[in-house]
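In order, the protein sequences belong to chains A and B. When we follow the UniProt record's numbering, the leftmost residue of the first sequence carries the number 1, and every step to the right adds one. When we follow the UniProt record's numbering, the leftmost residue of the second sequence carries the number 1, and every step to the right adds one.
Wrong hints could be hidden among the right ones.
[As the list claims (entries may be wrong)] The calculated DMTMM-like cross-link candidates involving lysine to aspartate or glutamate, where the alpha carbons are at most 25 Å apart (straight line), are:
#1 Lys340/B <-> Asp193/A
#2 Lys144/A <-> Asp193/A
#3 Lys340/B <-> Glu72/B
#4 Lys235/A <-> Asp63/A
#5 Lys340/B <-> Glu139/B
#6 Lys235/A <-> Glu287/B
#7 Lys215/B <-> Glu79/B
#8 Lys103/B <-> Asp193/A
#9 Lys144/A <-> Glu225/A
#10 Lys235/A <-> Glu72/B
#11 Lys144/A <-> Asp154/A
Everything labelled a hint here was simulated from the structure, so no lab data went into it.
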Amino acid sequence: MKALRLSVTRALGGVALAASLAAPLAAQQAPAAGTATTLDAIRARGSLICGVNTGLAGFAQPDSQGVWRGFDVDYCRAVAAALWNDASRVRYVPTTAQNRFTALQSGEVDMLSRNTTWTLSRDTSLGFDFTGINFYDGQGFMVKASAGVRTARDLNGATICVQPGTTTEQNLTDWARANRIQFTPVVIEQLNDVVQAYVSGRCDAYTTDVSGLASTRSAQARPQEHVILPDVISKEPLGPLVRHGDQRFADLLRWIHYGLIGAEELGITAANVAQAAASDQRPEVQRMLGRTGDLGRMLTVDNAWLLNVIRTVGNYGEVFERNLVPIGLQRGPNALWTNGGLQYSPPFR
Amino acid sequence: MSSSTADPRLASAGPPRRPIRLSWSDERLRAIVWQILVVGIVGSIVWWLWSNTVHNLEVRRIATGFGFLQREAGLPIGESLIDYDPTHSYLRALTVGVLNTLKVAVVGVILATILGTLIGIAKLSKNWLVSKLASFYIEVIRDLPLLLQLLFWYTILQGLPGPRQALNPVDGVFLSNRGMKLPWIEWLPAHNWALLAMVAGAVGTWAYARAMRAKQYADGQPRKIWPAGLALMVGLPLVVWAAHGAPFTPDIPALRGFNFRGGISISPEYFALLLGLVTYTAGFIAEIVRAGIQAVNQGQWEAAEALGMRRAEILKRIVLPQALRVIVPPMTSQYLNLTKNSSLAVAIGYQDIVSIANTTLNQTGQAIEGIAIIMLVYLSISLSISLFMNWYNARIALVER
């Protein structure tokens, strides 16, 4: 009996201790999630956790060796290159259109680089910060060549396949309302399944961003059997995003993107960047590549950050050329501003 | 019961009270301390989770609350039992989702019960082929994951020809990868009245059957019920329909543009989900029915045979009513399973509550509220099924004295 009483008091003491610990723990942990920066957490961990698409050719897809490749993936690699000069220190987390935001909100990933459209509500009520537009896109339709459809307006009465949880879904209904078009939606979450439904003929048309359509079309056995209609029904500025409050991390992402564009403007490529760092006399190049000034420090990284980034992934044009040209996308609005496009970088000083 | 005796010593119930001692050896004190402790721990865990969540949501500037339910949804929904278009609110969209879940759950439960009972009886058949086929069905269906079966059915339905080459087995019925199209009639108020008359007729038939049975118990004469039933359930609606001018305009599906217009349709998504859920759950129900029938004492069969009843009649009148007592409780679990499994609809694009709530929480970013709504909906449906089945179980339970 005495032994029992002893163990009971000990247990009680343990519970009391746990309870006393729990109270300040609750007070401590919650602000910690907000104030300790994600950048610190990434440095402490020694690797970046990057949320990418589940598999979209050209943007993010594992190759035959299981190595992730693509336009969005190169942005993750660029961050790792800027931080550690080691593009392999990235862990990729495939996310669906539906679970991507929860993954970022909950801290499961550090950032999303997953062809995500920048919208007002995502920027505010979802609690994110978009760090720039690395791809100007728009929503379009793909149909079978045999259907004899010329423009999107011919789609009245059609069945249209769409992925849920995207701006695509809302653009589609907005467009149909504005143009008085009746359609039957088929809403399937997984990219493979929704494409399969379109290919099998369950739907007359498949709608998503034109870049996604091009990617899907290029992955078909006979791409010439599918036509991307000329109509673009929405603006889809795509870019990486981080959680609200991660200003330092957002700055770094923003300036990596501008660095890629700036490098293209100045003609710096993966091949010539080392030489440019050593001998290029243009002051902006010297500042960008860290030979003069302290731009890297200001971003809390090494002064050679952009040198490492360009050496790893190349400039914006090279990233585009390597990933998106093979799936049939042209530069279009994503050309440099000097070539009549929209890609423009603020000055490096 | 207490007033049966006037002895004042028995009026105060229980043993004499003893004051609680402030000592650990006092049993009642220990009980109170433990209870306060347990409630306190559970309460503080809940409070901690809650406050932490609210705080984190604030820090991340994520909007909270259910205000979004009134906002315009803007999400397209393929099939709906009530009027819906994307200008309606999220609340309306979620209601459509709940109704879609109920549509597949209710029809699924009924069909699975029928199919499962038939297969369960077939397994007990004296015919070797029938019984082995039933066993084979049960083993194959029960051993394959449901998700796989759903994808299987959906792929098969997608393999049907396009609308322009649609199969046309009977005039007016079209089978294509857009689903099944059936002819229907243009629905007018007259049809609503006729339907109402049929319901009234069914109630009348039930009352008539009750009265006739009471008479049979009184004088032992069996009476025919079907003539009155036919008159009430078929004749009455026809009269009501005729009184409203007998409107009848067939609405036959026809290919116009991309798709069929007119008639009613069953989408491949709904059909695949229903097919998958029914065939899968029927495998389990069959085993429950078989076990229930075998639980009835062999003597019951023999006694009924001795009275000269036929096998089918014995099953219907003697064995099944007794087997139901064994069957109903596990059956409740199967109904709950079927309802919850319907959430796998997401995989094949049927827009049930999970699909629509997922899209909603994605568009509004309010994941906690969205998940809470899904939980609330399933909890309500499941508790309703449980309540109904418990009531039914109590009704058919053996009345013991």
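To see whether the hints hold, each was checked on the structure:
no.	hint	verdict
1	Lys340/B <-> Asp193/A	22 Å, holds
2	Lys144/A <-> Asp193/A	17 Å, holds
3	Lys340/B <-> Glu72/B	28 Å, violated
4	Lys235/A <-> Asp63/A	30 Å, violated
5	Lys340/B <-> Glu139/B	22 Å, holds
6	Lys235/A <-> Glu287/B	56 Å, violated
7	Lys215/B <-> Glu79/B	50 Å, violated
8	Lys103/B <-> Asp193/A	24 Å, holds
9	Lys144/A <-> Glu225/A	6 Å, holds
10	Lys235/A <-> Glu72/B	21 Å, holds
11	Lys144/A <-> Asp154/A	13 Å, holds
Of the numbered hints listed earlier, those contradicted by the structure are 3, 4, 6, 7.
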